[in-house]
Amino acid sequence: MATVSRVASSTEPSAGATGASVSSRAGRHTLLPFGTAAALLVAWQVLAWAFALPIYIAPTPAQIARTLVTELPTLLRNFVPTAAESFVGFLLGNAVAILVAVLFVHSKRLEAALYPIAVFINTIPILAKAPILVLIFGLGMTSKVVIAAFICFFPTLANMVRGLTSVNPQSLELMRVLSASRAEVFWKLRVPSSLPFLFSALKIASTTSVLGAIVGEWIGADLGLGALIIEATHNFRSPLLYATVFVASGWAVLFFAVVSFAERRIVTWKPGESA
Amino acid sequence: MTPAVKLEAASVRFTSERGSVTALENVGIEIPPGGFWSLLGPSGCGKSTLLRLVADLVAPTHGTVAVLGGPPATARVNRELGFVFQDPTLLPWRSALENVRLPLEVGPQKRERSAQWTPEGLLRLVGLAGREDALPHELSGGMRQRVAIARALVSEPRILLMDEPFGALDEITRDTLNEELLRIWKQTETTILFVTHSIPEAVFLSERVLVLATNPGRVREVVDCGLPYPRPLSVRETPEFIQIAAHLRALLQTC
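Protein chains in written order, with the working numbering: chain A, 193 to 467; chain B, 238 to 492.
Keep in mind that the hints were calculated from the coordinates and are not lab data. No experiment lies behind these values; they were computed from the predicted model shown. In this text, a Cβ means the ideal position worked out from N, Cα and C, and glycines have one as well. One thing to keep in mind: the hints can contain errors.
Residues on chain B that point at chain A, a partial pick, calculated with CB under 8 Å [stated by the list, open to error]: (1) L294; (2) V295; (3) V314; (4) L318; (5) F320; (6) T326; (7) P329; (8) P340; (9) E342; (10) G344; (11) P345; (12) E349; (13) S351; (14) W354; (15) L372.
Quick list of simulated restraints, FRET-style, between CB atoms [claimed, not checked]: (16) R255(B) with I458(A): 39 to 49 Å; (17) M238(B) with K462(A): 42 to 52 Å; (18) R269(A) with G367(B): 51 to 61 Å; (19) I316(A) with G404(B): 43 to 53 Å; (20) R354(A) with H299(B): 32 to 42 Å; (21) P465(B) with I458(A): 52 to 62 Å.
Isolated chain A (complex conformation) (with noise of 0.2 Å):
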């Protein structure tokens, strides 16, 4: 959730990002987030008006709404390649790091082996870890792709070992009562348990996949949001940079939302509860 608000608030003032989480919290709540976001739009449009800020320094909303009207072409040009270095980067980073976790609990000695060097590995900031990525799977989109699943695959693994090892003792003996295969109390019972832990990884990685795509763009790339952002910065095109800005966090936001849609369609019970 922390990294939401992060992208959320480092980018635009609220709008999507807190509107779909409070939403998934409790649906009557769902407008007030855009009342919020409305009003606090407006008082940044007076201020900005009140103090007559040079528009390279804070643009109003209005001229931001503006550009992003005129340089649709531009931002859709730019929105395609990190939306699929993304969405592939979660795709990839996701299963790779559910099958890790699979092949530790199966093998105790596989786990102490590798999981230290994950969480080695985790430790080094994903801005150290880009430009080696860029130098070794060159400037395209692969290397972009590969930082995305880079950024996904901790938060999945750590998720995904304990959703699959923290099954209540109790189901475990009633397996062995009945008999049933290692293969069984995999399917019937580790897989279902760990659905709720896997789904709040997934909505962690659906954000972090977008900041992972952006952060590689920054490296070196001709196209994408994160190199219209640099590009923006450096020309002083605020507005630009404003738009891409609130362009990126939206679709953070819709694969979000499109996460927590599939978990509430997947996940009916009550996590946790052991009846």
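For this one, chain A is given, so just place chain B on it according to the hints.
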């Protein structure tokens, strides 16, 4: 006739880093098929351990355990054992009906099923008709335990092991389930081993009460209840009932 459960000089020692504990010492009992026996005793007397011995969840350190004339593992693999835990231990993502079906989906299956007890029929038997699709968190504690009983019966076991199944329920629900359990026992002709802390529950349900003493866990006495079946709840106000209960209470004070 082969006894349903036979223990000969069975002992269980648990060894950990902090030393070893004798959970059960030199237990010898013989339970006839179709019997209803309760295991009564203070905490730590090995009631649950005795149940787990029969269920093949624990192995004896000394002595032998025979279930239906063979090793407990054979009875387990042949699906002759049903186990009801103190917690219902339902899978929270499965509906009531799907929970009852679980034993038919995992493990080796019996070659012949008498078709007498379908999952739907068992839910009806435990009074949950109409709640088949409810998820466990939508059911009350008593209802969940009924689902657990239906699940234990679905593979048509010849022995039903119940480890304080009604311990966490309120008294009214407990009385209802006690009556229903006797009805189910008569209908299914299953051998039942029932662990409880409650003297009235043990006397009301069982043909015999196995009183266990603690430190180390051992058999103190086997008390014959001798009350005729069917037993209405009012049997608990009869002098015979009160006498047996008083005898058990006096026994427990010496355990």
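Hints and how they fare:
no.	hint	in the structure
1	L294	6 Å, holds
2	V295	11 Å, violated
3	V314	5 Å, holds
4	L318	6 Å, holds
5	F320	4 Å, holds
6	T326	5 Å, holds
7	P329	4 Å, holds
8	P340	5 Å, holds
9	E342	7 Å, holds
10	G344	4 Å, holds
11	P345	6 Å, holds
12	E349	17 Å, violated
13	S351	19 Å, violated
14	W354	16 Å, violated
15	L372	6 Å, holds
16	R255(B) with I458(A): 39 to 49 Å	44 Å, holds
17	M238(B) with K462(A): 42 to 52 Å	48 Å, holds
18	R269(A) with G367(B): 51 to 61 Å	58 Å, holds
19	I316(A) with G404(B): 43 to 53 Å	52 Å, holds
20	R354(A) with H299(B): 32 to 42 Å	40 Å, holds
21	P465(B) with I458(A): 52 to 62 Å	53 Å, holds
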